[in-house]
Amino acid sequence: MLLYGYGPQILEGVKVTLALSLSALALSFLIGLLGAAAKLSPNRLLSGVATAYTTLIRGVPDLVSMLVLFYGFQMLLNDFTEAQGWEQIMIDPFAAGVMTLGFIYGAYFSETFRGAFLAVPKGPIEAGFAFGMTRWQVFRRILFPQMMRYALPGIGNNWQVLMKSTALVSIIGLNDLVRIADQAGKATYQVFFFTALTGLIYLGITTVSIIVLQRLERRYATGARMAEL
Amino acid sequence: MMELVSEYWRAYLYTDGHRLTGLAITLWMLVLSLSIGFCAAVPLGIARVSKNRWISTPVRAYTYVFRGTPMYVQLLFIYSGLYSLEIVRETELLNLFFRVGFNCAILTFALNTCAYTTEIIAGAIRATPNGEVEAGRACGMSEFTLYRRVILPGALRRALPALSNEVIFMLHGTSVAFAATVPDLLKIARDANADTFRSFEAFGFAGLLYLTVTFLLVWLFRKAEQRWLSHLKPHKAH
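First to last, the protein sequences are chains A and B.
Okay, so the first sequence: first residue is 0 according to numbering that gives the first Met the number 0, each after it adds one.
Okay, so the second sequence: first residue is 0 according to numbering that gives the first Met the number 0, each after it adds one.
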């Protein structure tokens, strides 16, 4: 039988892994934009907090931050519900995974976006203001599209690291691809087959991402001339 | 925090009374896997830039597979996957090797870091200015001498910033070693958490130790870059 009868479960696991990575990507993208804005802000307090956030998160293994955030937050919640006399609320592993991964990779995205914002030339921005555009219009029409060109290689790297680190979320109890394949392997005594399959599926996701990123880079490079060597 | 630290600090740092544990194991794994990975990555990096397809393609396939999959999955594959095969269990030498979680962890980490380092070194070799190679050839250097005296010294210097990232990435990566029952820093934190239910403190203390080592490594690499890369610093305008 195909996949020893575990086909549907594995497919379900792949869906969970993909949903988790994409949701975490969206969240970390947002946090990254905010973090970059805070780091570049003239407000000392704001940039100090953002710098502390990116330095701390990037200095600690993602698995450790994940465990601290997951268990730490659960305990805070327990203390709170106990004090209120409510029933215990268990954090859903999927939501916890999205939030912790988003929070961790938000730090990496902040750094990527900060560098990219700094690389955008000042002239077009000044020109935008001179045309009477609002700050939001300048951001949306001038700053963001140009920034994306510089940020894309970094975004691509961050995405691939993030996607691979979703494998760790199985450790805090999410039924993702890694966990389901692990259980399937133990149940059928085909551990070799199922761990190899997990690796191959991740490799497939990586391959698709590389192709998509190449297309995106070509799109955002419209009008940019490469130095001919 | 103080209570937990005063009870467990020894296990977190170097021993639980019976064996090496915690930070000591984490650093030992880091040094071992990085040394093995680096030594293999230099020849592989040279092979990766080879014009001969028969040499460069297998290396490319290797780095593609190991950079395209999570290290946690690689560890599960080597520790539980390979050992579930009968051939491995029945061959005495393989059985002896793969039975020990520590060996599997080192093998995984070394293979993983070697893949990344190979690509870093290959990239640095490709960035060698053509003039340097031409000058070397004009002096009558053989291919081997050219690599030893011109290409590699320059490429390894240029690779330093990327290598420092890789070292820190590996330090963080070793935290999955608990999956192979290695008593590394995170395993001790998990045990302390299971004993005391003080999750925030147990993992937080481990996080602080990782952070300290990260800062130390960053500082060391900054020193190394000042020493070996000072010729590439941007010139100050007068």
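Note that these hints are calculated values from the structure, not bench results.
A couple of the hints might just be wrong.
[Stated by the list, open to error] If the Cβ cut is set under 8 Å, some of the chain A residues that face chain B in the computed set are:
#1 Leu62
#2 Ser64
#3 Leu66
#4 Gly131
#5 Asp181
#6 Leu215
[As the list claims (entries may be wrong)] Label pairs and their calculated CB-CB ranges:
#7 B:Glu131 with A:Ala25: 25 to 33 Å
#8 B:Ser34 with A:Tyr3: 48 to 56 Å
#9 A:Val211 with B:Ser55: 23 to 31 Å
#10 B:Ala161 with A:Phe79: 38 to 46 Å
#11 B:Leu219 with A:Phe79: 41 to 49 Å
#12 B:Arg88 with A:Gly203: 57 to 65 Å
#13 B:Tyr63 with A:Ala126: 37 to 45 Å
#14 B:Tyr63 with A:Pro123: 51 to 59 Å
#15 B:Val30 with A:Gly172: 28 to 36 Å
#16 B:Gly130 with A:Thr50: 38 to 46 Å
#17 A:Glu216 with B:Arg59: 15 to 23 Å
[Stated by the list, open to error] One side only, chain A facing chain B, incomplete, derived with CB under 10 Å:
#18 Arg57
#19 Pro60
#20 Gly155
#21 Gln159
#22 Asn174
#23 Leu176
#24 Thr197
All C-beta atoms, glycine included, are put in the ideal place defined by N, C-alpha and C.
The hints, checked one at a time:
Residue-level restraint check for Leu62 of chain A holds (minimum Cβ-Cβ distance to chain B is 5 Å; threshold 8 Å). Because the closest C-beta pair between Ser64 of chain A and chain B is about 7 Å apart, less than 8 Å, the hint holds. Nearest Cβ of chain B to the Cβ of Leu66 of chain A: about 5 Å, under the 8 Å cut. The hint holds. For Gly131 of chain A, the interface hint is violated, since its Cβ never comes within 8 Å of a Cβ in chain B; the closest pair sits about 37 Å apart.
With a cut of 8 Å, the hint placing Asp181 of chain A at the interface with chain B holds, because the nearest CB-to-CB distance is about 7 Å. The beta carbon of Leu215 of chain A is not positioned within 8 Å of any beta carbon in chain B (closest approach about 19 Å), and the interface hint is therefore violated. In this structure the supplied range 25 to 33 Å is violated for Glu131 of chain B paired with Ala25 of chain A, their Cβ-Cβ distance being about 46 Å. Remark: the range hint 48 to 56 Å for Ser34 of chain B to Tyr3 of chain A is contradicted by a beta-carbon distance near 40 Å.
Distance hint for Val211 of chain A and Ser55 of chain B: a CB-CB separation of about 25 Å, consistent with the stated range 23 to 31 Å. Roughly 45 Å separates the CB atoms of Ala161 of chain B and Phe79 of chain A, a value that falls within the hinted 38 to 46 Å. Taking the beta carbon of each, Leu219 of chain B and Phe79 of chain A are about 43 Å apart, inside 41 to 49 Å as hinted. A C-beta distance of roughly 30 Å is found between Arg88 of chain B and Gly203 of chain A, which places it outside the suggested range of 57 to 65 Å.
Checked against the hint of 37 to 45 Å, the pair Tyr63 of chain B and Ala126 of chain A passes, with Cβ atoms roughly 44 Å apart. For Tyr63 of chain B and Pro123 of chain A, the hinted distance range of 51 to 59 Å is not satisfied, since their beta carbons lie about 39 Å from each other. For Val30 of chain B and Gly172 of chain A, the hinted distance range of 28 to 36 Å is satisfied, since their beta carbons lie about 33 Å from each other. Between Gly130 of chain B and Thr50 of chain A, the C-beta spacing of about 41 Å keeps the proposed range 38 to 46 Å intact.
At about 20 Å, the CB distance of Glu216 of chain A to Arg59 of chain B agrees with the hint of 15 to 23 Å. Because the closest C-beta pair between Arg57 of chain A and chain B is about 8 Å apart, less than 10 Å, the hint holds. At its closest, the beta carbon of Pro60 of chain A sits 4 Å from a beta carbon of chain B; the interface hint therefore holds under the 10 Å criterion. Interface hint status for Gly155 of chain A: violated, as the beta-carbon distance to the closest one in chain B is roughly 13 Å, over 10 Å.
Against a cut-off of 10 Å between C-beta atoms, the interface hint on Gln159 of chain A holds, since the closest Cβ of chain B lies about 8 Å away. Checking Asn174 of chain A against chain B by beta carbon gives a least distance of about 16 Å; that is not within 10 Å, so the hint is violated. Below 10 Å, beta-carbon pairs count as interface contacts, and Leu176 of chain A has one with chain B at about 9 Å; its hint therefore holds. Among the interface hints, the one on Thr197 of chain A holds; its C-beta lies about 5 Å from the nearest C-beta in chain B, closer than the 10 Å criterion.
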